[in-house]
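Guided by the hints, dock chain B onto chain A, whose structure is given.
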Amino acid sequence: MSLSATRIAALTAVSAAEGEAALIAVIESKDSSRKEIADACRELARVGTKKSVKPLAALLGSAEHSHMARYGLETIADSSVDSALRSALSELKGLQRIGVIGSLGVRKDGKAVKALAGLLSDSYPVTVQAAARALGSIGGSGASKALLSALGETSGQNQLAVSEGLFRCAEGFAASGDSKQAKAIYAKLASASEFKQVERAAKAAM
Amino acid sequence: MSDSKRLLKQSMSTPHTRRRFLKTSAAGGAALMAPTLIPASALGQDGAVAPSERIVFGGIGIGNRGSFDLRMLLREPEVQFVALCDPQKGRVEAAKKLVDARYDNHDCQLYHDIRVFLAERNDIDAVLSTTGDRWHALAAIMAMRAGKDVYSEKPSCMTIKEGRAVVETAERYGRIYQTGTQRLSEANFTFANELLRTGKLGKVHTVYAHIAPWDAAEMSYDWRPEEPLPPKEECDWDHWLGPCPWRPYNSEYVKGGWRGFYDFHTSCIGEWGTHTFAQCQVAMGMQNTAALEYGYVNNPYGEGMVTVFENGVKMILTRDMEKKMLKGSCAVRYEGDEGWVTVGDGYEKPEVSSPALLENFDKVVNEYMERTGRPMNHWRNYVDCIKNRKHCVADEKVMHYSMATVHAANICMWLKRDMKYDPKKEEFINDPEANRLCSRAMREPWII
Chain A
1 MSLSATRIAA LTAVSAAEGE AALIAVIESK DSSRKEIADA CRELARVGTK KSVKPLAALL
61 GSAEHSHMAR YGLETIADSS VDSALRSALS ELKGLQRIGV IGSLGVRKDG KAVKALAGLL
121 SDSYPVTVQA AARALGSIGG SGASKALLSA LGETSGQNQL AVSEGLFRCA EGFAASGDSK
181 QAKAIYAKLA SASEFKQVER AAKAAM
Chain B
1 MSDSKRLLKQ SMSTPHTRRR FLKTSAAGGA ALMAPTLIPA SALGQDGAVA PSERIVFGGI
61 GIGNRGSFDL RMLLREPEVQ FVALCDPQKG RVEAAKKLVD ARYDNHDCQL YHDIRVFLAE
121 RNDIDAVLST TGDRWHALAA IMAMRAGKDV YSEKPSCMTI KEGRAVVETA ERYGRIYQTG
181 TQRLSEANFT FANELLRTGK LGKVHTVYAH IAPWDAAEMS YDWRPEEPLP PKEECDWDHW
241 LGPCPWRPYN SEYVKGGWRG FYDFHTSCIG EWGTHTFAQC QVAMGMQNTA ALEYGYVNNP
301 YGEGMVTVFE NGVKMILTRD MEKKMLKGSC AVRYEGDEGW VTVGDGYEKP EVSSPALLEN
361 FDKVVNEYME RTGRPMNHWR NYVDCIKNRK HCVADEKVMH YSMATVHAAN ICMWLKRDMK
421 YDPKKEEFIN DPEANRLCSR AMREPWII
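Protein chains in written order, with my numbering: chain A, 1 to 206; chain B, 1 to 448.
Hint data in this document are derived by calculation from the structure and do not stem from the laboratory.
Treat the hints loosely; a few may be bogus.
[As the list claims (entries may be wrong)] Reference excerpt, derived from the structure (chain B facing chain A, CB under 7 Å, subset only):
no.: 1; residue: Pro225
no.: 2; residue: Trp240
no.: 3; residue: Gly242
no.: 4; residue: Glu444
no.: 5; residue: Ile447
Just so it is clear, CB atoms sit at the ideal spot from N, CA and C, and this is done for glycine as well.
Looking at chain B on its own, in the form it has when it is part of the complex:
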């Protein structure tokens, strides 16, 4: 038996030594099930939060972005991180420093293999998963099967089928799921969404969604030049690749240089469309569907692609910021027959067609928070939902349907033709070739 097979067998037959299950709380009519809550007498907190309120967390794949998410979650008083998992030793040790510094101890446990991590740590209620894109769906599914709630960075799936599998798993096990489209929990973006939702812009006919101004829609199949494999305990390359096709090791990949490659990335459209499509779809009330029509554009980026939703509204992809008067990043613009609003990162306040629209900014945002119970803090929303078992603002369906629009737009660009998509059947209409791009065989043994 090879080392990898022995490790695998050992991993999968690990006994469950720390199983702690607790009671199910009332779910307030929701189908989602309660987290496991453990006494926190050994956790060294200041007593501000009762032990029964503590939520035990683990982290998966905490890198640069993950460290930001980790810091945000460490601010929440109920959150207690106890373990981290990553096939890269340097990354996981750096993340451990953040956790240990927060609790002023050295207790955070480290894991190399997600299967061992999930099988052994039955004390963990919820995870933060911030792997590279290729692992997002699989890690979330594995964690939810293990009974964990999941905060997964975006984009949360590599294919439409993966997104569907995340939805099915979350529903099957009653897990809370939040994807990292944090602008859904920011006041400026929320205000813009509320203007649209409440009819202040009149009948909305067009929305613009910012796509990333780097990379292209066309993806590369290239391999970087082969470099010697690092020691497995430093970086497990096979594990890093996970469900993706094998390719030779190159250190640039594990430093973050995986964008632009078909096997690892969802293009300039997915990079920011994950955020902006979700913004637009939630604003329009189209969060449980995907765009029906996709118009191919003959440029490398998808610039100007017109997509159409069942409400007749056009969502236009753009990276041409000046032309559409967009600033910052991940900007959106909503145009109705009575006004418009534009917002992006870095706006002091949204830009609007009439100053009167901004007069009730605070009131609008406050009323949104009161109506939905959702704070202007994405990570806090996740923690709240773990406790109250309500759906997060960027739950599995918001993720899946906005990503379905992302994937369909990508496929439209790759096949260079107009397309129609049926969001109910989750397939392209009369286009078997496009439907064949809705899934990818996963590399053994990483099979959903």
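Bound conformation, chain A alone:
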């Protein structure tokens, strides 16, 4: 199915379900090109439902399609997306796992905190940094506890990412009225960071 055919199928289908079915057929077909799958994933980001989750998740481990699979998945409200991403997190390595980490953060999946916290000591710096920022986006006590533990154990760009995660956690606490936890995080950042921009920002926020 060509680009325009993909798009037309989605936009002019008699029902949304038919449009989604056509797009799923594209991503499941062995005859589809990389572009056709990318276009279908982009459309599923707009119209996909729970029915699209399994076909999209099947692409998460593909170097060619992993990003566009997440592109399709991130905007589907159904909780099965989170389950699929968590499952992929435990199975994938390298860049594909980094992408999944990012998507779990975007979706603020609280059930992913434990697994993400475990990645803060990963040997691959980009994984650590992605996990730290994702934990910050998810926020809450579990995430902030893991990040506070990691702060003193990390340095350089990893510590900068852990600090970013902690800022996000603190802002989440402050927004929910828990100024005590927010201030505790800021105090820790102000005293423990090797980065002056972090120290200054934390002091300003206190």
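Just chain B now, kept in the frame of chain A:
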């Protein structure tokens, strides 16, 4: 481990060898934090500016437009560019020539990878970021996390969520941010804004915002034909794509032929709406909100789309210049019950409904500059704000909310229906499909 992974790992574990942090200056009540200022004894200046006043700059993605911005900043006596970063060797070397010519040396350092650039150059206080649109938000966020102030060319984000992330990062780290909507620092446009703000036009009911007369609101998903990849040291295609979906290399993209593609561009509406929506929203005092209502128009461009703000004023998108008596580019027209003003690029003076409105042109502009402390020079405004830690005229919020209007107008055109937007919640009302277009998953590892 692949070459790309090895490079990535190397990039992210680079030790911080040149960290120089300096004192925080009084912020005059503002929450923004002071830049890092370094002695400039080695910088070869004429002594007109004290070393403590120098601001160390780096450039990211300096191409055609970026070279213009670079030249403007190089004119400022406090500015000292020391490094440039771009995944395209030819571009970064061309920009280096400008910098080295300015300082009559060969000292400007070049970087290929923004992560290495930001991790290594802790001596840099501020950056000029003039990448393609797809990189604007991410580069700004990465730079601000690294403690840099940012001048980012427009349009400064590809989605509403990206714009919000820029605002949050600027606020989190107390960074100065200026977006390249330079008409907010030009006398003719400022005069028009002041006429509106001070009530000289009476009760304003309608404003017109020029959108670019090329391309369309509908964007292409097409790929250009695949060409052989150039050597990575000449042009790192993967880096060029950054957070966008992968597609095969074609040399036209890296020469600037990325406009019109959904993954890279914000349409004819974003191309000039970035400027004109910001003009209109600042003029109306609506710079901290976005339009509430968007009326779909059945043409390819968004011509005639009516948007409505919370003050009841209609902002109408137009590329039909003659019909609205607009000239030049990036024009705006403000209509009130007591008069009107029209201004665009190339006007000797704004056109007004009554000659009397123009009588105090210089006085109005001078009083604006005195009242706000903002000069009629966008780049100078950025430099001033780096020093005084006040907000720039096109700060992160002006950028975000005018871009939210741009993005919402685009989404209205793409989904072909009227829409209502809640600027406080930053979401469309009762339209989950539209809300799904407010963000895009970023390609690994380029994740905010």
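(request) Give me the numbers of the hints this structure contradicts, sorted from smallest to largest. (result) 1, 2 and 3
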